[in-house]
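Enquirer: For reference, the chains in residue letters:
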Amino acid sequence: MTHTGSERIRLQLPSSMESVAQVEAEAEKLLHTLGIDEDAAFPLLMGIREAAVNAVLHGNSYDPAKSIVVTLEHDAETLVVTVTDQGEGFNLDTLPDPREEENLLLGSGRGIFLIRSFFDEVHFRQLHPGTEVRLVKKLADSAGQAS
Amino acid sequence: MALSIATRELDGVTILDLSGRITLGEGSVQLRDAVRELISKGVKNILIGLGEVNYIDSSGLGELVSAYTTAKNQQASVKLLNLTKKVKDVLQLTKLYTVFDIYEDEASAIASYK
Numbered sequence: 005m006t007h008t009g010s011e012r013i014r015l016q017l018p019s020s021m022e023s024v025a026q027v028e029a030e031a032e033k034l035l036h037t038l039g040i041d042e043d044a045a046f047p048l049l050m051g052i053r054e055a056a057v058n059a060v061l062h063g064n065s066y067d068p069a070k071s072i073v074v075t076l077e078h079d080a081e082t083l084v085v086t087v088t089d090q091g092e093g094f095n096l097d098t099l100p101d102p103r104e105e106e107n108l109l110l111g112s113g114r115g116i117f118l119i120r121s122f123f124d125e126v127h128f129r130q131l132h133p134g135t136e137v138r139l140v141k142k143l144a145d146s147a148g149q150a151s
Numbered sequence: 098m099a100l101s102i103a104t105r106e107l108d109g110v111t112i113l114d115l116s117g118r119i120t121l122g123e124g125s126v127q128l129r130d131a132v133r134e135l136i137s138k139g140v141k142n143i144l145i146g147l148g149e150v151n152y153i154d155s156s157g158l159g160e161l162v163s164a165y166t167t168a169k170n171q172q173a174s175v176k177l178l179n180l181t182k183k184v185k186d187v188l189q190l191t192k193l194y195t196v197f198d199i200y201e202d203e204a205s206a207i208a209s210y211k
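Chains A and B are the protein sequences, given in the same order. The opening residue of the first sequence carries number 5 in the numbering used here; numbering runs sequentially from there. The opening residue of the second sequence carries number 98 in the numbering used here; numbering runs sequentially from there.
Errors might be hidden in some of the hints.
What the hints assert, rightly or not - On the chain A side, residues computed to face chain B include the following (Cβ under 10 angstroms): (1) V24; (2) F46; (3) R53; (4) V57; (5) T98; (6) L99; (7) P100; (8) E104; (9) E105; (10) G113; (11) R114; (12) G115; (13) I116; (14) F117; (15) L118.
Stated by the list, open to error - Taking lysine-lysine pairs in the DSSO-like style, the calculated list, with each CA pair at most 27 angstroms apart, reads: (16) B:K183 to A:K33; (17) B:K176 to B:K211; (18) A:K33 to A:K142; (19) A:K142 to B:K185; (20) B:K185 to B:K141; (21) A:K142 to B:K182; (22) A:K142 to B:K211; (23) B:K141 to A:K33; (24) B:K192 to B:K169; (25) B:K182 to A:K33; (26) B:K183 to B:K138; (27) B:K141 to B:K169; (28) B:K138 to B:K176; (29) B:K211 to B:K138; (30) B:K211 to B:K185; (31) B:K192 to B:K141; (32) A:K33 to A:K70; (33) B:K138 to B:K169; (34) A:K142 to B:K192; (35) B:K169 to B:K185; (36) B:K192 to B:K176.
Just so you know, these hints were derived from the structure itself, not from any lab. Even for Gly, the Cβ is constructed at its ideal location relative to N, Cα and C.
Construct the complete structure from the given sequences, taking the supplied hints into account.
Expert: Structure representation (C-alpha cells):
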C-alpha cells in the first residue's frame, strides 16, 4: 500500500468529451499511485467518469464558453473528488430510481445512481449557477480489493 | 479503445460481436446504428456478444436498453451473450440483468431462438 501523504490535483477543462477522457486518465494515474488495484479502481473510475460526463453534457451542454473544474484530492485515508459545472443546476429530488420496475426500460437516468453506488459519500451542491458534486471514498476500503 | 462491431449469422440468428467500450459518443452511437440497421432490414433474432467489452457507462447501458425496446417494438428480439464480469456487475447493480435474456454460451443462446 503506497497511499501515504496527501496530494491535490486541479483541472479546469473545456466542456468536451476530450476533457472527460483527460479526467479519466488523471484519475486512473492517481488511483494507480495510491496502490489501488484495477478491480477496485474500476468502479471509482466509472463514478468519476459519470460525474464528468454529467458536468459536460447535462450541466454545461457542451457549451464552449463554459468549463468544468475537477479536483482529485487524497490523504492517507480518503479520496475526495469534486466536479463542478457552470450549468443551470437540477433538482435531485426529481430523479427517478432507475431500478424501479417502471424505470427499468428508460434509456437514461442511471449515471447518478452509479456514482452513489460506487462512493461512500456523494454530495451535491447547487451554486446558482452551476452544480458541484463531491465524491468521497475511504481508501482503506479500496486498496487492494473491490468494495 | 473505441467500439468495434463484427456481424455474422448462425442458424437464423444475427450475432453482433462487440469489442471495446460502450460509452457516450462513438460506442453508443455505433451500437445504436448497428441494431437499427438490422431491424430496418427485418432481422428478428439479434444476439449481442459482449465477451470483449470491458467497459460500459450509463449511456451504454441506455443504449442496450434502447436496442432491447426498439427490437421488441418491431417483434424482434435482442439477447446478450458472454458478459464480462465488469459488465455483468453493472447490469446486476442496475437490475438490468433481470430485463435481458443473457447466455454464457453461444449454442444455448442460438437454441433459445428456436
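Enquirer: With reference to the structure, classify each hint as holding or not holding.
Expert: Verification of the hints:
Satisfaction of the interface hint for V24 of chain A is found here, the shortest Cβ-Cβ separation to chain B being roughly 8 angstroms, below the 10 angstroms cut-off. Hint status for F46 of chain A: holds, given a least beta-carbon distance of 6 angstroms to chain B, under 10 angstroms. Restraint check, R53 of chain A versus chain B: the minimum CB separation of about 6 angstroms is within 10 angstroms; hint holds. With 10 angstroms as the threshold, the beta carbon of V57 of chain A comes within range of chain B, its nearest partner Cβ sitting at about 6 angstroms, so the hint holds.
Against a cut-off of 10 angstroms between C-beta atoms, the interface hint on T98 of chain A is violated, since the closest Cβ of chain B lies about 17 angstroms away. With 10 angstroms as the threshold, the beta carbon of L99 of chain A stays out of range of chain B, its nearest partner Cβ sitting at about 12 angstroms, so the hint is violated. Because the smallest distance between the Cβ of P100 of chain A and any Cβ of chain B comes to about 13 angstroms, over 10 angstroms, the interface hint for this residue is violated. Because the smallest distance between the Cβ of E104 of chain A and any Cβ of chain B comes to about 9 angstroms, under 10 angstroms, the interface hint for this residue holds.
With a cut of 10 angstroms, the hint placing E105 of chain A at the interface with chain B holds, because the nearest CB-to-CB distance is about 9 angstroms. Proximity of G113 of chain A to chain B holds as hinted, the smallest CB-CB distance being about 8 angstroms (cut-off 10 angstroms). Of the supplied interface hints, the one on R114 of chain A holds, with its beta-carbon coming within about 4 angstroms of a beta-carbon of chain B, less than 10 angstroms. Annotation: G115 of chain A was flagged as interfacial toward chain B, and the flag holds, the nearest CB pair being 4 angstroms apart, inside 10 angstroms.
With 10 angstroms as the threshold, the beta carbon of I116 of chain A comes within range of chain B, its nearest partner Cβ sitting at about 9 angstroms, so the hint holds. Among the interface hints, the one on F117 of chain A holds; its C-beta lies about 7 angstroms from the nearest C-beta in chain B, closer than the 10 angstroms criterion. Against a cut-off of 10 angstroms between C-beta atoms, the interface hint on L118 of chain A holds, since the closest Cβ of chain B lies about 6 angstroms away. With a C-alpha separation of about 20 angstroms, the suggested pairing of K183 of chain B with K33 of chain A holds against the 27 angstroms cut-off.
A hinted pair counts as satisfied when its Cα atoms are at most 27 angstroms apart, and K176 of chain B with K211 of chain B qualifies at roughly 13 angstroms. A threshold of 27 angstroms between alpha carbons decides the hint, and for K33 of chain A with K142 of chain A the separation of about 18 angstroms falls inside it, so the pair holds. For a cut-off of 27 angstroms, the pair hint linking K142 of chain A to K185 of chain B stands: about 25 angstroms separates their Cα positions. This hinted pair checks out: K185 of chain B and K141 of chain B have alpha carbons roughly 25 angstroms apart, not beyond 27 angstroms.
For the hint pairing K142 of chain A with K182 of chain B, the CA-to-CA distance comes to about 24 angstroms; that is within 27 angstroms, so the pair holds. Between the alpha carbons of K142 of chain A and K211 of chain B the distance comes to roughly 50 angstroms, so the proposed pair goes past 27 angstroms and is violated. In summary, the hint linking K141 of chain B to K33 of chain A is not supported, as the alpha carbons are separated by about 44 angstroms, beyond the 27 angstroms threshold. Restraint check for K192 of chain B and K169 of chain B: the C-alpha separation of about 19 angstroms stays at or below 27 angstroms, so the hint holds.
Taking the CA atoms of K182 of chain B and K33 of chain A, the gap is about 23 angstroms. The hint holds against a cut of 27 angstroms. At most 27 angstroms may separate the alpha-carbon atoms for a hinted pair to count; K183 of chain B and K138 of chain B exceed this at roughly 32 angstroms. At most 27 angstroms may separate the alpha-carbon atoms for a hinted pair to count; K141 of chain B and K169 of chain B meet this at roughly 9 angstroms. Taking the CA atoms of K138 of chain B and K176 of chain B, the gap is about 18 angstroms. The hint holds against a cut of 27 angstroms.
Restraint check: the Cα-Cα separation between K211 of chain B and K138 of chain B comes to about 20 angstroms, which is no more than 27 angstroms; the hinted pair holds. Note on K211 of chain B and K185 of chain B: the hinted pairing holds, with a Cα-Cα distance of about 25 angstroms set against a maximum of 27 angstroms. A distance of roughly 25 angstroms separates the Cα atoms of K192 of chain B and K141 of chain B; the hinted pair therefore holds under the 27 angstroms criterion. Of the supplied pair hints, the one linking K33 of chain A and K70 of chain A holds, its CA atoms being roughly 26 angstroms apart against a limit of 27 angstroms.
Taking the CA atoms of K138 of chain B and K169 of chain B, the gap is near 15 angstroms; set against the 27 angstroms cutoff, the hint holds. At roughly 26 angstroms between alpha-carbon atoms, K142 of chain A and K192 of chain B fall within 27 angstroms of each other, so this suggested pair holds. Restraint check for K169 of chain B and K185 of chain B: the C-alpha separation of about 22 angstroms stays at or below 27 angstroms, so the hint holds. Of the pairs offered as hints, the one joining K192 of chain B and K176 of chain B holds, with about 16 angstroms between alpha carbons and a cut-off of 27 angstroms not exceeded.
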